[in-house]
Amino acid sequence: MSAFFEALEQKFGAQIQAPSAEREDEIYVVVGDPDIRALAEYLRSEFEARLVTVFGEDRRSVERVFFNYYVFERKGDTRYLIVRASVRADHPEFPSLSAELPAVNWQEREIQDWFGLKAVGHPNPRKVALHDNWPDVHPLRKDFLLETVLPPFQGERHIYRPALGEGVFQVPVGPVHAGTIEPGHFNFAVAGEPILYLQLRMFYTHKGTEKLFEKLPIPKAVFLAESISGDSSFSHGTAFCQAIERAVQMEVPLRALIMRTILLELERICNHVADIGAIATDVGFVVANAHASRLKEMLVTLNENLTGNRLLRGMICVGGVRRGWNAVQLGLLRATVDAFAADFQDLVTLIDSSESTRDRLEQTGVLLPEKAKDLGIVGVAGRASGIDLDVRRDHPYAAYGRYSFRIPVYQVGDVNHRMQVRVDEVNESLGILRNAAEDSQHGEFRAQIPPIPPDRCAVSAVEGWRGEIIHWIRTGPNNHLERCKIKDPSLNNWPALVEAVQGNIIADFPVINKSFNLSYSGTDR
Amino acid sequence: MFKIIQKTIRTGIVTKAYPAELAHVSEHFRGRPHFDFEKWTDARPAAEVCPTGAISLRDSHDSREVTVDYGLCVFCGLCAEASSDKAVRITQEFELATKNRRNLVLTAEYTLNADHTHRQLGTVRPGSGNVETDVKIVGQKAHETIRKVLGRSLAIREVDAGSCNGCEVEIVALNNPIHDIERFGIQFVASPRHADMLLVTGPVTRNMELALLKTYRAMPEPKVVVAVGACGISGGIFGKNYASLGGVDNVLPVDVYIPGCPPRPQALLHGILLAVGRLGEKLYHERGG
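Going line by line, the protein sequences match chains F and B. Going by the numbering used here, 303 is the number at position 303 of the first sequence; the sequence numbering is gapless. Going by the numbering used here, 10 is the number at position 10 of the second sequence; the sequence numbering is gapless.
FYI, nobody ran anything at the bench for these hints, they're computed from the structure. Treat the numbers as computed from the prediction; the structure is a model and nothing was measured. There could be a bad hint or two in this list.
Said to hold, decoys possible - Label-pair restraints from in silico Cβ distances:
no., chain 1, residue 1, chain 2, residue 2, range
1, F, GLY503, B, LYS3, 49 to 59 Å
2, F, ASP346, B, ARG193, 52 to 62 Å
3, F, GLN411, B, ARG183, 36 to 46 Å
4, B, GLU27, F, ASP346, 25 to 35 Å
5, F, SER356, B, GLY280, 19 to 29 Å
6, B, ARG183, F, GLN448, 42 to 52 Å
7, B, LEU22, F, VAL62, 29 to 39 Å
8, F, LEU146, B, HIS116, 27 to 37 Å
Heads up, the beta-carbon is just placed ideally off N, CA and C, and yes, glycines get one too.
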């Protein structure tokens, strides 16, 4: 650790204040009058550090400045390095990193929208989180009230870039889609069948979640965390509770950590098997989906038996989990895992034996590894394109340190590989579940929470089934939060969809989109 | 092809006969919290922990009005855990859909002891002055027409007006072989122009209001609107804020409300069949809260 900071100090000297390590794996560095661009470039080139997320905070009332946080990690190091740069209230500008690091394009624009800070040098500084017809407000500023009633919209929601040329058409799709999915707008520029260019417009489901986190007492905010992205309730809930537990530096009982691991893996398998079925549907193999959705139903029925809710809600809490499991429940867990495993193998064989299905999936929606790296793609989509990241191994949490599992990484980055990653992960998860089920019978499942002091910061990461979920919090007085930053993996991965569809025919868009299956609500919050 | 047929035959029929038969529900499932108002000695602990304000209190110096709103409830079970007098019990009931928002609300009046615990129960009545739709009962269509026109074959257009996607997960499950909604002649359609029913999840965001209204207007008459989940009914944990308009009935006339977070597939089915007159309501407040 020290070599790393000595190198930083040597290079940047007085600009960097001494790192404070509240927890061993979370190190804060404060930059005075920063050139964050030089620092980010240095961390990237010298240490191959990856910029995990960028977000802002309004600290004007206490420290008279805004803060921007840059969270870095590097391969083989379980620590997060968090660089905090202040932005003057009377000069609300910060240097943009997006030209060099396209991965933070949307996140920097979010800081512009939420806090009214200008990202200087941003290649595309238009609004992203607030649509263009919103009044001039910055909802995450402390002087903006959650309950504010805004005036009606005025003007265009968004002007899309024109796509010109003989025979070139623009096809607008959404926000209400043909299927039962979340809302977002896709603007395709097509020349005949092939897609030339896709423009996305998200944030239709923005419902003030991060602002609302600042208003709810922490025990109630757990339920809000469960509603960030409905299919990842337990992952987001865990990320949130972990953040609080880290902030107060409390121990969570081992039994609870094992139970969390089990539920996190159940959530992963549930969604993976549903996606495998949905991908099959989108290329016309409906029988496979019937089996996949039957298998999913088997798991959500188990979820209900283990947690009282089919989507695992109402189980996670700060300090552990809310209920233990008896022998009957654990028996059901083991039996369901065994029954599922055999049936899942049949499903995979069924899909593998269908050549027409494989033909539609291979070389469709290719995301090249180098593009994936530039765009900072995480999770399933990243691992299908050579990006070897997995929070479970890189920053172990819950009880993942106790179990061995393989992390599948593929290189082609087509729909087929995104499906293959899911198939492999399901099999690995079944192994984790079998081992963990033997471990989770005895002991406490919930620890007493000590009083939560104000002004504690903590970062928390969970490998949700889509990929890396990050929560960052600052505690406030009276069991409340000052700030809660949510980064769903979808936020990183939408630009990957734009890349992957280019050159494909528009009829393949549904299956390409499904192979990413990103969360709109997790993105929009 | 042989493999496909072999697997199909080996799997057999998995569809469940709900509602003809009772739904199989786990004993651990958290359905409607039941309030034994007679026995309830103090509503404050439950109201204090309720994450969405589904249990709310209005105290004057020696009396208390307790309002329970199943339209806000996320079925977390904290109220039962917090009430040491065991007056709140979690049941496995999930068929809570209703045509009248009032039916999701119960109001109990108590006189209070000096320490603000309950002295005596006064009246328990459905509805409350606090629920907006109490005053504007909207969307009540001629039931007979709806049943005649839509009661046999129904086309549903689903709109996510801002949900977390939890309700969508369960709506999609209606199409799986276990719940198989098509056995009722009901199908989900891609265009509002083909739809008889608008199934809406919420909260309705500011950004989705226009799209929701346009979808509604594109549907032919007669049409029904069903609000799904705590957020669709009332805004749920999100409520109303700068970006959220709350429940669907703040934007559209709603015919049926389906509580849940999210409602399980059978609860959705019950609500959908209720909306077209093929099933009746289960009025729990007539069964004593």
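* **Numbers of the earlier hints that this structure fails to satisfy, in rising order** => 1, 2, 5, 7
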